[in-house]
Amino acid sequence: YLAMTHIKVYRQQPEPEFVYLSDARIPKHTKRGMVRHDLQQLLTADELDTASASDEASAVEIISEDLLTSANDRSQRSKAETYFKYRGEEILKNSGLSYTIIRVAGFNELMSGEASTIDLSSAVGDDIAPVSRDEAAQVCVGALMDPNALNKSVYMGKRQKGSVSDENIGAKFATLPKD
Numbered sequence: 001y002l003a004m005t006h007i008k009v010y011r012q013q014p015e016p017e018f019v020y021l022s023d024a025r026i027p028k029h030t031k032r033g034m035v036r037h038d039l040q041q042l043l044t045a046d047e048l049d050t051a052s053a054s055d056e057a058s059a060v061e062i063i064s065e066d067l068l069t070s071a072n073d074r075s076q077r078s079k080a081e082t083y084f085k086y087r088g089e090e091i092l093k094n095s096g097l098s099y100t101i102i103r104v105a106g107f108n109e110l111m112s113g114e115a116s117t118i119d120l121s122s123a124v125g126d127d128i129a130p131v132s133r134d135e136a137a138q139v140c141v142g143a144l145m146d147p148n149a150l151n152k153s154v155y156m157g158k159r160q161k162g163s164v165s166d167e168n169i170g171a172k173f174a175t176l177p178k179d
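Residue 1 is where the sequence shown starts when you use the UniProt record's numbering, and the numbers rise one by one after that.
Treat each hint with caution, since some may be false.
DSS-like cross-link-like pairs, simulated, lysine-lysine; straight-line CA separation at most 27 angstroms [to be verified]: (1) Lys79 / Lys172; (2) Lys79 / Lys8; (3) Lys31 / Lys152; (4) Lys31 / Lys93; (5) Lys8 / Lys93; (6) Lys178 / Lys152; (7) Lys172 / Lys8; (8) Lys28 / Lys93; (9) Lys79 / Lys31; (10) Lys79 / Lys93.
The calculated label-pair distances, taken between Cβ atoms and stated as ranges, are [as the list claims (entries may be wrong)]: (11) Met4 / Arg133: 48 to 58 angstroms; (12) Phe84 / Asp179: 30 to 40 angstroms; (13) Gly88 / Pro177: 13 to 23 angstroms; (14) His6 / Met111: 28 to 38 angstroms; (15) Met4 / Gly88: 54 to 64 angstroms.
Hints were generated in silico from the structure; no laboratory data involved. Since we're looking at a predicted model, the values are computed, not measured. A virtual CB, placed ideally from N, CA and C, is assigned to each residue, including glycine.
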């Protein structure tokens with residue numbers, strides 16, 4: 001005789017259940033003291049007032065505002081907005097859902113035929129630039145259908161050449177490490 005009160009079933013999801021479009025100013029890793037919930041801000045190494053000199057030197061920098069402002073001067077985002085996007089990422093990662101986080105610098109008005117080649121990387125690089133809404137939508141849909149995009153955070157940039165329609169987004173996700 002075997003008595004059971006309940007049975008739990010765990011489903012393994014091969015593709016992401018959730019794709020989160022986030023901000024490229026969020027660093028890949030945060031150090032202790034960078035996230036200030038009381039101020040609702042992510043602090044840079046220069047702004048860390050409680051850290052020692054050695055902690056400041058090893059702290060991860062938030063992506064330069066000048067770089068992003070030149071990339072997308074239409075949108076002036078506040079530090080609170082970046083903080084809440086970081087919190088959204090943190091909540092999603094801790095939720096138990098399978099996810100993909102795509103970090104973009106901003107959007108431009110170019111059509112996909114006029115756009116550059118999409119570049120996905122696990123760390124922010126020099127190619128940080130606004131992308132077209134069409135390109136961002138293509139990467140989001142590609143992530144939803146691709147097991148290689150499972151539990152990854154990527155920075156979306158672009159390079160000059162090619163068109164979006166010729167690209168294999170799945171192959172780009174396959175080369176990136178999981179979180």
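Hints violated by the structure (listed by number, smallest first): Violated hints: 1, 2, 7, 12, 14, 15; rest satisfied.
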